[in-house]
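*Asks:* The residues making up each chain are set out below.
Protein chains: 4
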Amino acid sequence: MGEQEKWFETTIRVRYEETDQMRVVYHANYLVWFEIGRTELIRELGFSYRRFEDIGFMLPVSEVNAKYKSPARYDDELIIRTKIAYCSSVRLTFAYEIYRAVDQALLVSGETGHVWTDMGLKPVRLEKKAPELYALMKEYES
Amino acid sequence: MGEQEKWFETTIRVRYEETDQMRVVYHANYLVWFEIGRTELIRELGFSYRRFEDIGFMLPVSEVNAKYKSPARYDDELIIRTKIAYCSSVRLTFAYEIYRAVDQALLVSGETGHVWTDMGLKPVRLEKKAPELYALMKEYES
Amino acid sequence: MGEQEKWFETTIRVRYEETDQMRVVYHANYLVWFEIGRTELIRELGFSYRRFEDIGFMLPVSEVNAKYKSPARYDDELIIRTKIAYCSSVRLTFAYEIYRAVDQALLVSGETGHVWTDMGLKPVRLEKKAPELYALMKEYES
Amino acid sequence: MGEQEKWFETTIRVRYEETDQMRVVYHANYLVWFEIGRTELIRELGFSYRRFEDIGFMLPVSEVNAKYKSPARYDDELIIRTKIAYCSSVRLTFAYEIYRAVDQALLVSGETGHVWTDMGLKPVRLEKKAPELYALMKEYES
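Chains as they are written, first to last, in the numbering used here: chain X, -5 to 136; chain W, -5 to 136; chain G, -5 to 136; chain P, -5 to 136.
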C-alpha cells in the first residue's frame, strides 16, 4: 500500500534479562515488544490501553505469529513498527516489524489477533459499545 | 494419524508471576511452556537439549504461531502435549497443545519452527554432523 | 533449632528462558522460585494461596533479600527449601534455601517479608479475620 | 559525600507483562529495573556494561535486597534513581530508589551487591586488570 500504510514507530533497548544462554534475545520477549508497539500506537491515536480497561474493555490476544530472521542482542537499540492490519467491530489485528536501529536490519516480523471483550473476557461489539473508538481504530486501519 | 501420532505429555503448574492484570496467564508465557514441552520430549527420546549445546548444536526458533482458545489461570495444572511435526536435516517443527488438567479443556495450540545451527548460529546439516541423532528425530516424526 | 525446624522441600528444573548471556540463571528468577516454595509450603499445610485470594486475602511482598553463592544453570534440577521464619497477625516472613539436586550445593538463600491485606491491598489482622488460618500458620512457624 | 550524592535518573514505563493478578507489578520485576538503572548509570559514566563483557569482565549479582512501599501499576511512568554506594577493587554496591513520575511517590528502594569476575565467573581485582575503569567507578562512589 506504500504511502498509505500507517506504521507507527517506537524504540526500546534490549535488557540483560531478555537474553538467554545463546547470547541472543529469548524468542518469547518479542511478543512483549509487540505489546509495547500496540500500546504506543494506541497512545499515538490519543487513547491508552489503560483507559480501555478503565472503561470496561479488554483486548486479549487470540492469535500470534512471528518469524525470526536475525537475533537481537543485549543493549541493542530496536525500532518497533506497528500498524493496524485489520479492524472490525469484533476483531483487531496488529502487524509488527522489529528492526535493529544501528543498521536498520529487520530482525522479526509478526502479527497478533485480538478480540474485544468485557472485563469478564466475554466478546463485545466495539461499534455498539464505543462507536467513536471504533471509528478511530477503523480510520487507522491500513 | 491416530495411533501413529507420537504426542509426548508433560505437566506444569501456573506460577503467580505468569499471570497479568487480566487475571489470566500473559500470552507470551505459553511460548516458554512450548519450550518445556520440546525439552521434555527430547529427554524422553534419550537425549537432552543441554547435551545438544554441549556437543556444539543449537536449535534456535525461526518461527512461532499460537492460537489462544481459553485462558489458563494461576495455580492451574496444565498438560503440555508435544510432537515432532516435521523433521529434515536442516529444519525441525514441533506442534503443541496445552490442556487444563482438571477438565481436559484445550487452552492453546501452536507450532515452533527451528533450524539446526552451530554455536555461532550458522545453519548446519544434522544428517551430516550427527547422523544417529538425525535418525532418532526422524523416526519420531509424526 | 535443628530438628524442630520445619523446612518444606519442592523441586523445579531450570528453564532455558531463565538463563541469560552469562550462561547462568538471571538473578531475578530466584524470587519467582521463592514464590513457588511458599506456594507449595502453603499447599502442604492443607491450604492454597489461590484460596487465600478467593476468600479475600492477599499476601503481597513487602521486603526481599537474597544472597547468591553459586549459579544455577540451564536444565539443573533444583531443590527449594522453604520455612515460615516469623508469623504474626499482620506479618509473615518466609526463609528459603535453593540447592542444586545433583550435589546438594547451596546456591542461593533469602527471605521474603509479607503483609496480610484485603483485595484492595489494605492491611488486615489475620487473627481477627481468619483465626483458624492464623493458628495454622503460627503452629508451623520455626 | 553527603549533599553531592550522585544519583543518576532514568525513566521507564510499566509493561502489561510486568503486572500480575493483584493488578500491580510483580515484585521480581523491580530487580530488572534495578539492572536498567545501573546499566544507564554506567553508560552515563562513558562506559557500557556491554563493553565490560567485550573486554572480559562480568559483574554478577552477589546480593540483593528491596523494600516495597507502594505498588507500581500498568502504564505508570517510573523514575529509577541509581548511585554507586560502595566501590572497591573487588566489590561494587549500587543503591536504587524507584519513584512514580506523576506524584514523585517512592515505591521501592533497594541495593545490589556485585563482584568483578572474568568470563568464567572467577573473581578479579579491577584495580589491577583495568586501573582507569577502577578510578572512574571509584570517583563516582557516593
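Wrong hints could be hidden among the right ones.
Copies of one chain are not kept apart here, so a pair can be met inside one copy or by any two copies together.
List of simulated lysine to any residue pairs, SDA-like, C-alpha gap at most 25 Å [unchecked claim]:
1) Lys132 - Leu100
2) Lys63 - Gln15
3) Lys61 - Arg85
4) Lys116 - Pro65
5) Lys116 - Asp70
6) Lys123 - Asn59
7) Lys63 - Lys116
8) Lys122 - Thr5
9) Lys61 - Phe41
10) Lys132 - Gly107
11) Lys63 - Gly50
12) Lys0 - Gly50
13) Lys61 - Gly40
14) Lys132 - Arg94
Hints in this document: simulated from the structure, not taken from any laboratory. As the structure is a prediction and not an experimental result, all values here were calculated from the model.
*Asks:* Now look at each hint and say whether the structure bears it out.
*Replies:* Hint by hint, here is what the structure shows:
no.	hint	result
1	Lys132 - Leu100	neither (27 Å within a copy, 32 Å between copies)
2	Lys63 - Gln15	both (19 Å within a copy, 20 Å between copies)
3	Lys61 - Arg85	both (22 Å within a copy, 14 Å between copies)
4	Lys116 - Pro65	between (37 Å within a copy, 12 Å between copies)
5	Lys116 - Asp70	between (39 Å within a copy, 20 Å between copies)
6	Lys123 - Asn59	neither (29 Å within a copy, 31 Å between copies)
7	Lys63 - Lys116	between (36 Å within a copy, 12 Å between copies)
8	Lys122 - Thr5	neither (34 Å within a copy, 38 Å between copies)
9	Lys61 - Phe41	neither (29 Å within a copy, 27 Å between copies)
10	Lys132 - Gly107	within (15 Å within a copy, 33 Å between copies)
11	Lys63 - Gly50	between (38 Å within a copy, 21 Å between copies)
12	Lys0 - Gly50	neither (27 Å within a copy, 43 Å between copies)
13	Lys61 - Gly40	neither (30 Å within a copy, 30 Å between copies)
14	Lys132 - Arg94	neither (30 Å within a copy, 34 Å between copies)
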